[in-house]
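Undergrad: Take a look at the letters that make up each chain.
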Amino acid sequence: MIERRDFLKGCLACGVTAASIGVASNDALAAGSFEGYPDAMGVLVDLTRCVGCRSCEAACNNEQKLPEPDLRFDDTSVFEEKRRTTDKAYTVVNKYQVANKETLFRKIQCNHCTEPACLSSCFVNAYTKTKEGAVIYKASVCVGCRNCMIACPFNIPAYSYSSPLKPLVKKCIFCYDTRLKEGRPPACVEICPQQVMTFGRRADLVKLGHDRIQANPAKYVDKLYGEKAVGGTSWMYLSSVDFGQVGMDAHIQNEPIIANVKDFLGFVPMVLAIWPALFTGIHLLATKNKDGHHDHEGGDHQ
Amino acid sequence: MKLFMARNPNTEIVDSLRKDNDRGRRWTLMEKIFLGLTPKQYMSQAISNPLNWVFAIIFLIGFPVLIGRYIFGLSWVVGDPYDNAWGLFLGFGLFGMVPLSSSGFQLGSAVEVFGRHDLEPLERLGILNGILGYFFAVMFLMVDLGQPWRLPYPMIVSWGPEAVLFLVAWHVATYLSVQAAETSTSFFEWMGWPAGKTFIKKMALGLAVSGIILSTLHQGALGALSCYAPGKIHPLWYSASFQWLYFFVSSLPGGLCMVIVVSTIVIKTMDWRCDDNYKNNLNKLQITLARGACYGLLTYFVIRLIGVAHDNKWAYLATGWGAWWLFEIGFGVILALILLTTGVRNNNITLIRLGAWVTIIGVVLNRLNVYMFTFNWQNGHVHVPPLKEIIITATVYSVYIVTYRAILYRWPILFQWKTKYSDYGVLEPQPAEQKKSH
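In order, the protein sequences belong to chains A and B. Heads up: the first sequence begins at 0 in numbering that gives the first Met the number 0, then just goes up one per residue. Heads up: the second sequence begins at 0 in numbering that gives the first Met the number 0, then just goes up one per residue.
Hints were generated in silico from the structure; no laboratory data involved. Be careful, since some hints might not be right.
Said to hold, decoys possible - Here are the simulated EDC-like cross-link-like pairs (lysine to aspartate or glutamate), alpha carbons at most 16 Å apart as the crow flies:
1. A:Lys180 x A:Glu131
2. A:Lys81 x B:Asp82
3. A:Lys87 x B:Asp79
All chains, please: the whole structure from these sequences, using the hints.
TA: Pasting the structure below:
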């Protein structure tokens, strides 16, 4: 039978363990729904205007001092396959042949979510959503678990796998360091000859997007992609065809990604609080008046 | 060693602090490390074991590749898997090994919390299986992480407490310490440090309960991690409400069956190391564990079905992925269940051992399906890990087996350490104290 002193020690051991892990859940519980910073900036992308010149790719490459690409930026053979962002290209333009309609181009880059999945899945808090609206990355703490790449609903973050000593997550940061911080639009927006992208306060862009749809309902599908997707994104899209036809996830959830794990995280403090007493209690019930305890050791002192 | 013992049946193997002959002097540490053999004898038994030659070949190929991973970078091994950021190292090494290591908390709590002392001959094996599985999951992590030297960052440098992975990191670290404490009793016996063992024994209940808490949460958390990627994992393998339950519940039969499998391998390949207590109880205990595994598997089967029904995903069963899902469930759950239940019912130990193999393969297949094969299924291609990734995985797993075997050869896991009062004058019990000595 258990000694009372041992029992208390046991409880203490559990308590210390519980306390050391309890920190894991506090913030998760406190996180409510976040509407976004009031003055967060955004970009409205009008897919109907893009002609696939790829000057945004070139501007990004130059601004972010990325390595020279294998093919020149005016080479249109890249459109033969669907590309994604990599550690050497933070934005890419893809071509979509839509049935019965003209060809559409779509620029891909980080959408700068209001409640980013990369941020909420990161166990060293390497990501920050700035008040200007950018989702930036702190390279100095990144361990390289790549959970952000798993979590991003748009498959944006890439990783410099080829670096043996300092591999890092590479993604669009809204030109935060060089431009956004000073209130200037990102390089890709500024260079665009077609004015595909409109830079402004996100709140204003939501209105602008809906105004454009209303002014020309025959041209646009009645949806502002990014207004609600995964809790809202800073980059939003207008299109003349269903978003699924230009390679976007048309069935994306409206709740932020962190909502999917909140139930589980809420369960954590309950387990920490209830299990010690529950199982120590079961122990007392299961072993009362039973003296079946044998030591693993054999020999003459048993 | 099995061959060696067959040829030299009278060799004295270390199983207590003192030699039987030579006027009962203490074994030296070197003698203990060589199992009581001379170095020459030890080498000859090692060379005569064909398995060691297999390991030698694996290591000859594998270690250069492993070193290459750190010199030339991850891409040299895994390529640039932007869309499948987690491959074999985590899919198998972390998500596959951790559920098979749930044996530590299950046997620990069965004995210490629920008072099932009849399971004691397998308790230490279960706990050792637990700690080694977790330890090598961390080793796989050290291969996979971009900057493995930053592994302690989530503990000391920068906290991301709202992340599920933060919880996993803390739990695995804490649980490794708990299991290290639980395993240390056999180490203390082997070293002849009774005070350490007495100290740990006093905490046994607390450690076992901590084990239950930590295991419930992190086994579930490994499933909850996939809730970050709802659109990427195939709907048949994903359930927003039950994902953490899938992982937790399947880890229970996974861990129990891993103990059945390991204890079977042990009795077939190193019976010289098992004492009568282990040998005589093994079949009976394997049936007990198999019975537990049946309940776990049945529950798991039901909740997997409920998951499909809950979100009305039946239509997916008619697709190619549906066939693959039916295979995973039909093989890893239903076939396993048939083998185990028939085995338990008819006391057929062969069926039980076969069923245990099927179960652990099924659990690992499920983890690979969630994090590797079905991941980004909408992109239309299945991620197949490159050759170098497979080589490194086989190498790390071989180190795991070698370590496992080295410990089983030496520490009193499969046999009881023969302690004599004369070993420790200080421990000579007074009659009144004897009852308390546990």
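Undergrad: Run every hint past the structure and note whether it holds.
TA: Hint by hint, here is what the structure shows:
With a CA separation close to 7 Å, the supplied pair A:Lys180 and A:Glu131 stays within the 16 Å bound. Pair hint A:Lys81 plus B:Asp82 holds up; C-alpha atoms about 13 Å apart against a cutoff of 16 Å. For the given pair, A:Lys87 sits about 12 Å from B:Asp79 by alpha-carbon distance, which is consistent with the 16 Å threshold.
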